[in-house]
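All chains, please: the whole structure from these sequences, using the hints.
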Amino acid sequence: MNIILLSGGSGKRLWPLSNDIRSKQFIKIFKKEDGTYESMVQRMYRQIKAVDPTATVTIATSKTQVSAINNQLGEDVGISIEPCRRDTFPAIALATAYLADEMKVPKDEAVVVCPVDPYVDEAYFAALKELCELADKGAANLVLMGMEPTYPSEKYGYIMSRPYNDRDVATSAKQMLGVERVTAFKEKPDLETAKKYLEQGALWNGGVFAYKLSYVLDKANEIIGFCDHKSLFDKYETLTKISFDYAVVEKEDNIAVMRFSGQWKDLGTWNTLTEAMEEPTIGEAILNDKCEDVHVINELNVPILAMGIKNAVICASAQGILVSDKEQSSYIKPFVDKIDQQIMFSEKSWGSYRVIEVEEGSMTVMVTLNPGHGMHYHSHKLRDEVWTVICGSGTATIDDVETKIKVGDVLTMKAGQKHKVVADTELKLIEVQIGDEISVQDKEKH
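Take the sequence shown: its position 354, counting from 1, is numbered 669 in our numbering, and each next residue is one higher.
Rather than coming from a laboratory, the hints here were simulated on the basis of the structure. Every residue, glycine too, gets a C-beta built ideally from N, C-alpha and C. Warning: the hint list may mix true and false statements.
[Said to hold, decoys possible] Simulated DEER-style distance windows between Cβ atoms: (1) C542 to D640: 53 to 63 Å; (2) D739 to T555: 42 to 52 Å; (3) E348 to I671: 30 to 40 Å.
[As the list claims (entries may be wrong)] Quick list of in silico lysine-lysine cross-link-like pairs, DSS-like style, CA-CA up to 27 Å: (4) K444 to K346; (5) K743 to K343; (6) K378 to K696; (7) K444 to K422; (8) K556 to K378; (9) K527 to K566; (10) K625 to K641; (11) K556 to K648; (12) K327 to K663.
If you want it as structure tokens, here you go:
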């Protein structure tokens with residue numbers, strides 16, 4: 316099975332855990348059997364591999380998310396990197412060309428495209444496999460997965476369909492149980508219209524579909540014009556922003572839909588996200604017995620105590636603190652848009668960093684490196700840096716001189732000095748950046 320996972324967005328509706336480079340799919344809130352936590356992207360990847368260990372998984376994403384993906388999934392996962400954001404049609408075309416040219420997937424094979432962040436169970440992935448097989452058999456040019464609605468929703472678009480009949484153009488979908496012909500797509504409706512759609516048997520459009528690689532490559536060539544993955548990548552910044560629905564789906568007549576009635580949730584708000592939490596608290600938090608329907612996520616190293624609160628979400632991270640009624644939390648975005656602050660936490664391919672304190676002329680950062688991983692060899696023109704090792708061991712290199720480091724060691728790098736560190740075990744450093752101008756742009760790789 317070939318799968319393209321669409322990973323995008325800035326996730327402001329889940330502030331303060333998410334930000335411009337830490338989207339909701341990287342937040343670790345799902346408890347595993349061993350007591351540790353995993354993120355949406357880790358959960359999705361694990362579930363796909365459980366259903367189909369040989370599945371070719373490609374994540375279509377922007378370059379700002381590559382480090383987090385590598386940190387959480389390792390460096391073997393396929394990644395189709397968008398040089399800039401150009402909406403879903405260019406992203407899907409680029410990922411399809413990546414599969415064909417870089418991963419050498421035959422163009423007559425099918426691929427499933429789906430979002431990286433729905434909350435689903437194993438039945439969903441078995442359905443993805445069936446969807447891919449339908450596209451492989453030529454059920455239609457596009458085969459969609461329609462989600463059976465559980466309530467009339469204003470958040471989703473709707474798929475209208477009917478059974479195939481003798482007047483339809485000959486297609487193998489006629490003989491396939493549970494597959495119908497798509498007759499129309501409806502935009503997100505108001506509540507009363509949504510109720511009418513449900514009465515007509517409409518399905519939610521969850522953005523899940525399958526096609527043969529050759530189909531989208533041909534469509535992309537008609538619209539964009541390119542030779543291969545490299546040529547498409549090189550001209551990507553010149554492309555017009557356009558959605559896959561507008562560029563392809565709305566113009567295609569031969570579309571089938573497969574009904575899915577299993578678990579499927581879009582965890583796009585605090586209200587829906589907390590519904591998926593197994594326990595009411597993550598991190599150091601205490602709720603007294605007068606609290607009702609309260610969830611707390613605490614990434615800080617200080618405790619949170621909540622007493623007598625009802626229907627609320629409390630979240631504390633290096634980025635900020637949120638205390639909100641659960642229903643009101645759905646309206647967070649315009650308020651977060653007003654907050655102008657630097658990124659306080661980021662995952663990198665080698666680990667992560669968290670800003671501890673910012674003052675005039677200095678910034679203090681907690682750096683965590685995963686075992687066997689290291690930073691790029693680099694230097695800064697405008698600042699000095701001081702590293703203090705507080706956990707683990709590794710090897711530091713300063714101006715080509717290697718030094719073994721351990722807990723308690725202090726290293727100083729003056730502006731212009733080349734330096735890097737590689738972790739033997741999990742390695743934690745307190746990094747103090749000192750200078751009149753401290754900027755993420757002040758970095759030169761060597």
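Consistency of the hints with the structure:
1. Between C542 and D640 the beta carbon distance is about 54 Å. The supplied range of 53 to 63 Å therefore holds.
2. In this structure the hint that D739 and T555 lie 42 to 52 Å apart at CB holds, the actual value being about 49 Å.
3. Checking the proposed 30 to 40 Å range against E348 and I671 shows it holds: the Cβ atoms sit about 33 Å from each other.
4. Proximity of K444 to K346 is assessed by CA-CA distance (about 26 Å); at most 27 Å being required, the pair is judged to hold.
5. For the hint pairing K743 with K343, the CA-to-CA distance comes to about 20 Å; that is within 27 Å, so the pair holds.
6. For the hint linking K378 to K696, the alpha-carbon distance of about 25 Å falls within 27 Å, and the restraint holds.
7. For the hint linking K444 to K422, the alpha-carbon distance of about 18 Å falls within 27 Å, and the restraint holds.
8. For the suggested pair K556 and K378, the alpha carbons sit about 17 Å apart, so the restraint of at most 27 Å is met.
9. This hinted pair checks out: K527 and K566 have alpha carbons roughly 17 Å apart, not beyond 27 Å.
10. This hinted pair checks out: K625 and K641 have alpha carbons roughly 9 Å apart, not beyond 27 Å.
11. Only pairs whose Cα atoms come within 27 Å are accepted, and K556 paired with K648 is accepted, the gap being roughly 23 Å.
12. The straight-line distance between the Cα atoms of K327 and K663 is roughly 20 Å, inside the 27 Å bound, and the hint therefore holds.
Violated hints for the displayed structure: none, as all numbered hints are satisfied.
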